[in-house]
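S.K.: For the record, the sequence lines run as chains A and B. Mapping to the numbering used here: the first sequence position 202 is 202, numbers consecutive. Mapping to the numbering used here: the second sequence position 180 is 180, numbers consecutive.
Calculated from the structure, these hints are not laboratory results. Ideal Cβ placement from N, Cα and C applies to all residues, glycine included. Any given hint might turn out to be false.
[To be verified] Chain B side only, calculated, beta carbon under 10 Å to chain A, not exhaustive: (1) PRO10; (2) TYR13; (3) LEU18; (4) HIS21; (5) GLU76.
[Claimed, not checked] Heads up, incomplete: computed chain B residues facing chain A, CB under 10 Å, no partners named: (6) LYS9; (7) ARG59; (8) GLY73; (9) GLY232; (10) HIS254; (11) MET269.
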Amino acid sequence: MKFKVNNSEVYASTGGRPFDKKKPLIIFVHGSGLTHMTWVLQTRYFAFHGYNSLAVDLPGHGLSGGESLKSIEEMADWVSAVIDAVGHKEASLVGHSQGCLVTVECTSRYPDKIKTLSLMGGAGAIPMNPQLLSLAENNDPKAVDLMMDWAHGPAGHFGGHPVPGLYHINTGTMLAKSRTIQNTLGVDFRACDNYKNGFEAAKKIKCPTLSILATDDKMCPVKEGKKLASLIDGSQVDIIDNCGHMMLLEEADRVLTVLKKFITSNYPPLSS
Amino acid sequence: MSDKKKELKPNTYKFDTLSLHAGYQPHKNAGSRQVPIYQTTSYLFDDVDHAAALFNLERGGHIYSRISNPTVGVLEERVASLEGGTAALATSSGMSAIFLAVMTLCEAGDHLVVSSQLYGGTVNLFRLTLPKFGIKCTFVKPRDTEGFKKAIQKNTKGIFGELVGNPGNEIMNMPEIAKIAHEAGIPLMVDATYQTPYLCKPFEHGADIVIHSLTKWMAGHGSSMAGILVEGGKFDWMQNDKFPTMTKPYEGYHGLSFAEEFGPTAFTMKARAEGMRDFGPCLSPQNAWNVLQGIETLSVRMKKHCSNAEEMVKYLMSHESVAWVSHPSVPDHPDHELAKKLLPNGRGSMIAFGIKGGKEAGVAFINNVKLASHLANVGDTRTLVIHPASGTHSQMDEATLKFAGLSHDMIRLSVGIEDIDDIKNDFEVGFRAARKPRLVSNQ
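Next up, chain A with everything else stripped away, as it sits in the complex (with noise of 0.2 Å):
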């Protein structure tokens, strides 16, 4: 669906149901420079079973207008706007890497609107490799190369998709490079290296959190995500072996039972 944020044109994938506000609010933050397809093996399920799922493509992203966001507070206050312009009051949010340092945040600043976060590969603080930094604001799709290769662990390196005939690092190659590299992964990474507020924001968290992390992670390694964890009261974590940063799609299965048993049992769905 599409509406507007900032007088901006917003594009949020719905899962393949129409939105209806009568249902609970779920939305899904991408990662760096990625769009809201990264989310398709989990979003779908959801607004299949109760829920508003909006899988949002961030501005400047994938199917979005705008200008990409230069910094995550601005990229928090965003989703709270998107809370707004969907007509709800409340939501759950789940992010993917930078996702995750959006939603931290975003939890934060928005305490009575965030029912429940879901992070995935998170961490409190995502510094960046400074030569990966140049390659994306020089425009250059060798960032993305490199990125695809140290966010897929060892075994997803050799594919094994749970969709049959879809390959990995090939898909989210094309995704990233969907747009100007420099416009949206440039932006990106320079928005995450300059972001330090991810432990303060933690210690005010107070809903119920969900670390989903994996121990083959390269760019937010279990250590970090459980350091993120432990400053937020109440968290769960899950580790997920043999998997690296993009367990959304290398164990979409596993990442979607523990989504689903999580968001159900702390912020239900409309029942039929």
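For this one, chain A is given, so just place chain B on it according to the hints.
M.R.: Here is chain B on its own, set in the frame of chain A:
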């Protein structure tokens, strides 16, 4: 510490490694080092919720082997990885892959622009069969790049061609024709069977959908029929209103929009969800496994195929019984320079040549070679020959044969990986017979 920073390089696996490993994780398959053959029709559901989620594309997995199968899935991922594509869908043959691609793209009333130099069966599909479904085609000679532009109509949904035409070895100017297609907002579909991804990756030259008859060099051993379509993932289906079945809610899946939901894999998802469900040209797991065995040695075999082919080109060009030789490695081949650009790892192992003495000499040659097999296939490890005008393209009338660039003296040669001297010696026997057809013919 040194001030020199180490340059970052992606460590994603390269072609030869992907040929052996892509699409498969042993630890998820009882540690089996070899890809298992899942000889089954169907797959257990965990519960009713799980079944509903699979049917509704809410989660990945297998339901029924007409739609997908784990062994076939490994093959699909492997070919997608080798081509640099986002996704692939394997079928029972190359022809079914072409048909599925067209039916995923087109509806009744649509039009395609098609290269005229194609395998005879493909010509008949576009010329005679697709019009029965309301899909019309305009044929353009492969070297007539501007002709492709002129043939595009308002209802044109794509351009299709064989990168190197069968059997005349005319090469489409793929980068230029891709530009023409993209300016018109339509995809370029390329049959790259003759090349395999070892010789050419069409996505790097602008193609949007790549099709293979895997039966040929990819499987390589003449044992198994299979086809595949591969998606490049760059084509924007939402750029215009030409592809409503990709961009509008689809009744068959609760209002799903394939382009919105699946983006760079939308075409494959639709081809599988709709095409495999409704037409059912599925690949058997045993044949998928056989093709996987072939792909494991693809680069090794292709090097030998190409080096043998270049030796045969030299031999044929200097032979007294040969009137002409067509192969992109020949300097005076009209597409020699284009071939260097598009086929940097080798120009392929298909040779067309004209035999002095015309049809009668051609028949004598075919009937007298012993090592080379006379049959209707290409891309076997063994050397194959056929006389197209009386074989693969025999269902064409004179005018169509001429338009497709075929002549009665043409022999189509698929060079195998035998010892090159043995192939040449065999051909000497054939040529001797061709020079005295009535005395030596074994008919």
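S.K.: Confirm or reject each hint.
M.R.: Going down the list of hints, with the structure as the test:
no.: 1; hint: PRO10; result: holds (4 Å)
no.: 2; hint: TYR13; result: holds (6 Å)
no.: 3; hint: LEU18; result: holds (9 Å)
no.: 4; hint: HIS21; result: holds (5 Å)
no.: 5; hint: GLU76; result: holds (4 Å)
no.: 6; hint: LYS9; result: holds (8 Å)
no.: 7; hint: ARG59; result: holds (6 Å)
no.: 8; hint: GLY73; result: holds (4 Å)
no.: 9; hint: GLY232; result: holds (8 Å)
no.: 10; hint: HIS254; result: holds (6 Å)
no.: 11; hint: MET269; result: holds (8 Å)
Figure legend: structure checked against the earlier numbered hints; every hint is met.
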